[in-house]
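2 protein chains.
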Amino acid sequence: MEHSPPAAPELYTIAQLADELGVTQRAIRFYEAKGLLKPQRLGTQRVFGRRDRARLLLVLRGIRLGFSLAEVREYLDLYDADPTKREQMRLLLAKVQARIAALEAQQRDLRQALCELHDIVAQVEGALDHTRQTTGAKRRAK
Amino acid sequence: MEHSPPAAPELYTIAQLADELGVTQRAIRFYEAKGLLKPQRLGTQRVFGRRDRARLLLVLRGIRLGFSLAEVREYLDLYDADPTKREQMRLLLAKVQARIAALEAQQRDLRQALCELHDIVAQVEGALDHTRQTTGAKRRAK
DNA sequence: GATTTGCTTGACGTATACGTCAAGTGAGTG
DNA sequence: CACTCACTTGACGTATACGTCAAGCAAATC
Numbered sequence: 029m030e031h032s033p034p035a036a037p038e039l040y041t042i043a044q045l046a047d048e049l050g051v052t053q054r055a056i057r058f059y060e061a062k063g064l065l066k067p068q069r070l071g072t073q074r075v076f077g078r079r080d081r082a083r084l085l086l087v088l089r090g091i092r093l094g095f096s097l098a099e100v101r102e103y104l105d106l107y108d109a110d111p112t113k114r115e116q117m118r119l120l121l122a123k124v125q126a127r128i129a130a131l132e133a134q135q136r137d138l139r140q141a142l143c144e145l146h147d148i149v150a151q152v153e154g155a156l157d158h159t160r161q162t163t164g165a166k167r168r169a170k
Numbered sequence: 029m030e031h032s033p034p035a036a037p038e039l040y041t042i043a044q045l046a047d048e049l050g051v052t053q054r055a056i057r058f059y060e061a062k063g064l065l066k067p068q069r070l071g072t073q074r075v076f077g078r079r080d081r082a083r084l085l086l087v088l089r090g091i092r093l094g095f096s097l098a099e100v101r102e103y104l105d106l107y108d109a110d111p112t113k114r115e116q117m118r119l120l121l122a123k124v125q126a127r128i129a130a131l132e133a134q135q136r137d138l139r140q141a142l143c144e145l146h147d148i149v150a151q152v153e154g155a156l157d158h159t160r161q162t163t164g165a166k167r168r169a170k
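Line order of the protein sequences matches chains A and B. Positions in the first sequence are counted from 1; adding 28 to them yields my numbering. Positions in the second sequence are counted from 1; adding 28 to them yields my numbering.
If you're looking for bench data, these hints aren't it; they were derived computationally from the structure. Check the hints yourself; a few may be wrong.
[Claimed, not checked] Just a sample of chain B residues kept apart from chain A, beta carbon distances all over 12 Å, derived:
(1) Ile42
(2) Ser96
(3) Arg101
[As the list claims (entries may be wrong)] Pairwise CB distance ranges, derived in the manner of DEER restraints:
(4) Asp147(A) - Glu38(B): 20 to 28 Å
(5) Thr52(A) - Ala133(B): 19 to 27 Å
(6) Ala82(A) - Glu38(B): 52 to 60 Å
(7) Glu38(B) - Leu106(A): 27 to 35 Å
Quick reminder that beta carbons are idealized off the backbone N, C-alpha and C, glycines included.
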């Protein structure tokens with residue numbers, strides 16, 4: 029039996045997972061109820077594995093990107109297609125392309141917003157520099 | 029009196045604006061109630077100008093990016109600062125920087141998601157090509 | 001056994017973002 | 001005047017995403 033180095037835990041209680049990822053237990057249960065997570069059970073108690081943890085990370089990222097839980101669920105479903113079924117692969121490809129298109133549209137919005145904000149920064153910094161020089165001239169006059 | 033070329037309208041009713049931008053009148057009224065829009069009035073009837081239209085476009089983009097209406101309102105407030113007040117400019121700069129940081133974080137999430145989706149595409153297309161070659165070989169065998 | 005801790009479910013509440021509906025007003029038309 | 005259309009406000013409803021609370025169970029500890 030080999031000694032393996034200390035590794036990340038393979039199993040988590042709901043509290044451990046919630047604490048580590050900065051999310052409430054209630055939210056995790058809610059995501060499970062919505063079909064986004066499928067933890068195993070020890071009796072009635074939920075047991076989360078590494079895959080569940082990774083899946084929850086994807087959920088949280090989708091939420092941060094502004095997607096509804098239903099949309100996030102669809103996204104996760106993309107990973108669950110059966111690779112042996114040609115028709116499913118075709119369908120998956122179409123869905124992935126659609127989601128790529130949605131994200132690319134969002135990216136355009138995002139770039140535009142960033143561009144405008146950088147414009148504001150430039151203007152404000154220009155205005156502050158201008159008034160700072162004026163103030164500096166006043167000080168020399170004293 | 030010069031003849032100016034046909035231009036975009038300067039004033040809109042709520043129905044015109046809603047129809048043009050693909051949003052319901054109810055939503056527009058809601059945004060006004062939340063302080064995001066401030067149309068003028070002709071009696072009791074709302075009158076939207078070009079600035080209102082532009083502002084609504086910003087609102088809609090913020091929503092698409094996943095921000096709450098409160099967050100969108102904060103974003104719009106960035107444009108309303110008084111340029112003659114140095115302290116407001118400083119505060120504005122800090123707020124803009126914070127918003128830039130948030131958008132950049134979102135951009136990282138977005139890039140990551142796109143990267144993963146492109147991976148899926150590559151895998152699926154690889155799998156389809158593999159099975160297509162197999163199918164092609166069968167056809168030649170007939 | 002009593003207490004504590006950590007988990008469960010179920011139900012109701014809150015916040016956000018509108019949708020729907022009803023009642024009312026004003027302007028234009030026949 | 002009656003009707004139609006386009007607007008208004010206000011109120012209640014719906015959907016989403018949880019938060020809060022209560023009751024219950026299991027395991028560990030004193």
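Right, here's what the structure says about each hint:
For Ile42(B), the non-interface assignment is confirmed: its Cβ lies about 24 Å from the closest Cβ of chain A, beyond the 12 Å cut-off. Not every C-beta of chain A lies more than 12 Å from that of Ser96(B), the closest at about 10 Å, which undercuts listing it as non-interface. A cut-off of 12 Å between C-beta atoms confirms that Arg101(B) is not in contact with chain A; the least separation is 15 Å. Remark: the range hint 20 to 28 Å for Asp147(A) to Glu38(B) is upheld by a beta-carbon distance near 25 Å.
Between Thr52(A) and Ala133(B) the beta carbon distance is about 21 Å. The supplied range of 19 to 27 Å therefore holds. Our hint of 52 to 60 Å for Ala82(A) and Glu38(B) holds, since their Cβ atoms are close to 54 Å apart. A hinted range of 27 to 35 Å is violated for the C-beta pair Glu38(B) and Leu106(A), which are about 47 Å apart.
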